[in-house]
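2 protein chains.
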Amino acid sequence: MSKPTPLSGFPEWLPAQRMIEQNVVERIRATFELYGYAPLETRAVEPLDQLLRKGETSKEVYVLRRLQEDPGARTDDSLGLHFDLTVPFARFVLENSGKLQFPFRRYQIQKVWRGERPQEGRYREFLQADIDVVDRDNLPFHYDTEMPLVIGDAFASLPIPKATILVNNRKVCEGFYRGLGLEDPDQVLRTVDKLDKIGPEKVAALLVETAGATDAQAAACLKLAAISTGDASFVDQVRALGVTNDLLDEGLEELVRVVDAGTEYAPGLIRAELKIARGLDYYTGTVYETQLQGYERFGSICSGGRYENLATSGNERFPGVGISIGVSRMLGLLFGHNALTISRSVPTGVVVALPAEELRPACDRIAQALRRRGISTEVAPAAAKFGKQIRFAERRGIPFVWFPGADGEPDTIKDIRSGDQVEADAATWAPPAEDLIPVVSKA
Amino acid sequence: MSKPTPLSGFPEWLPAQRMIEQNVVERIRATFELYGYAPLETRAVEPLDQLLRKGETSKEVYVLRRLQEDPGARTDDSLGLHFDLTVPFARFVLENSGKLQFPFRRYQIQKVWRGERPQEGRYREFLQADIDVVDRDNLPFHYDTEMPLVIGDAFASLPIPKATILVNNRKVCEGFYRGLGLEDPDQVLRTVDKLDKIGPEKVAALLVETAGATDAQAAACLKLAAISTGDASFVDQVRALGVTNDLLDEGLEELVRVVDAGTEYAPGLIRAELKIARGLDYYTGTVYETQLQGYERFGSICSGGRYENLATSGNERFPGVGISIGVSRMLGLLFGHNALTISRSVPTGVVVALPAEELRPACDRIAQALRRRGISTEVAPAAAKFGKQIRFAERRGIPFVWFPGADGEPDTIKDIRSGDQVEADAATWAPPAEDLIPVVSKA
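Protein chains in written order, with this note's numbering: chain A, 1397 to 1839; chain B, 1397 to 1839.
Don't take every hint at face value.
[Unchecked claim] Derived Cβ-Cβ restraints for the label pairs, each shown as a range:
# : chain 1 : residue 1 : chain 2 : residue 2 : range
1 : A       : ARG1769   : B       : THR1625   : 27 to 35 Å
2 : B       : LYS1558   : A       : GLU1753   : 26 to 34 Å
3 : B       : ASN1705   : A       : LYS1784   : 23 to 31 Å
Please keep in mind that the hints were generated in silico from the structure rather than gathered at the bench. All residues carry an ideal CB built from backbone N, CA and C; glycine is no exception.
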């Protein structure tokens, strides 16, 4: 075969990067579990009609067919790859509602796929790490305040720049627009969502053109979107715009609770940012986005919100709230800026040098003794000159090389960074704690 | 929407099962890392021409297309979901050979997909956990002896029945068939591979019919396939069949090394079983299968082998050896027999009872103090009667409920299994070690 080349949109990390990713995922997972979220995985595929319930995303779905199937076949049970983890989770909850305990908290760390055009340079496969809570009929609002605190803890456990979670509430926007007299709040929201891309003047023009706004109404919408505070003072700024509406009041009250929880438990983490809209249709209240400081222009790396109606079937209704870390997106950014490093590119802490091929069984026994005590160990691949065996370790960043003693001499271990070499017994020797496993840190 | 139903072939575990799966994967991963295997993930898709290089598997591939694409389009760059992790790994090695250190050891734990007909009741999506070692040009044989020892260690760390790894070597079979005078050893191997399905008489008839064997040659092939020993005594049994061939000698010598390593490091783990063939085309020497004791009739739950030519491009050649645990297959079997259990269905160890909704901030502070010391904690969802809050914990198997003290009284913690309730301080209290995280064990 000819030498293969990368596929646009399908990132693959080299081993050292994958080790960083795995370390990051482990820390995120540990935080999620500290809050009592149980792990869940759903299948990669959903029936196409499930995935297309939200018309807006239909462009981005990969459809599957078995190779031996008629290529033209488009039956009702066509399957597509999931494009997020929230839609499959809602389906799972409905399907298994009789077997779950509510409120049900789960985390889910899986790949998702979007059938983007390759030329756009976007990810078509990426890893997400989600938490969600759903309850039967009604979900208390305090879970909306919990989401960003969990994420704040998870991010604080990572060697990454400080994160800011931007929060808004769709009830604030919808209530404000309705209070202004605008009849199609969804259209207004979709237009305001383009602020960062096309700027306020074009948004104002579009509001007049497509959402039936007057110039004054458009200007008010832009004033609302410009409000951004690190505490509950956004309420006064909204009130100063002179719009009154019950839904607006409800939204403001909810948003204050989220921002106040941030002030209490994680000062500096949360900002009310009233232009945040989120593209997906299913959010009905609180919405979240997250910026990494220094990487603001690359957009959100952790988003989510409250959805009242996503998991609904007949008389059963399971409102939920959730948030999703874009792991691939975040790591792609940080890798692209060489912002993360790892102390070695393999788990191995010790290479046992091989004096001669016939001594391999003895070297394997040394390795097994170290492994039994939790020390990752390899035996050298071949009985090359010791200089070459040391380079084997060096190239991978492995800190220690073990030399079996000849003729009854004691074994020795060499720290190849310092050159220090000391006697050692495989039954008792251990590396310094910081060398036991690879350490991920800011570059 | 109507209530969703399961999709045949796409298993989904309930939370307690998923917790068991995750625990099992963690232990497997820890063993792989102790041996110095570095983590790797490859994208879910490969170009279709890559996946179809081995004609036999073409029936089982899922092909992707973007929803908005012309359904009839079958361009050269069609993508399919990978059906194993070895073919993508070989492609990754060729693509990144300039950036990797050889010999390259990696593990890879990912889902794979096979476009089976739904009615066969087979898994169409399942989780595999693979290790492989590849080297440039030549890979020393000692890696073939290492594979089953790593798997033996991994399985020994799990609460599952004892495993037996069955080993054969294709050189033994091919050399024996050629020594017998049979010209199409691949066809003979494919036929002998049907032994367990159709029995020896039909295999003998097929050998005569499709592989040009005489009755005596067919009988000799069946005698070879019947050999099964827990030590190197299989060599004498093969020799007694009176066939001589250089490739046979080479294969026997290799197979002895694998079996002897088992005898030395893991007595009882490895058997030479000369009927093992493995369906996939790319194996060229050692082949492995694995049975769980008591579940032999369900077939192999861990398989692999040596492949000399899978990762080859122009002048570059990376022979490899690898083995793959069928995690979903193994857990599906054990779940089906209720053979595994977990001490609770959530990570949570403590529920903080909520005396009144306005005390939530105080309860959140207790929870945070426990979490900071690694104790998974939830606050009760609502200020219901304490009996209901205790049932919330009971239903999930959470062992402890924390009661905030009223009016300056000290807090108390109740073990809801024993009913014991004692004073406790969130800054110092810790559960017994066995209650800190959920424990997976044999049912």
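Hint-by-hint comparison with the structure:
no.	hint	verdict
1	A:ARG1769 / B:THR1625: 27 to 35 Å	holds, 34 Å
2	B:LYS1558 / A:GLU1753: 26 to 34 Å	holds, 32 Å
3	B:ASN1705 / A:LYS1784: 23 to 31 Å	holds, 27 Å
Checked against the numbered hints given earlier, the structure satisfies every one of them.
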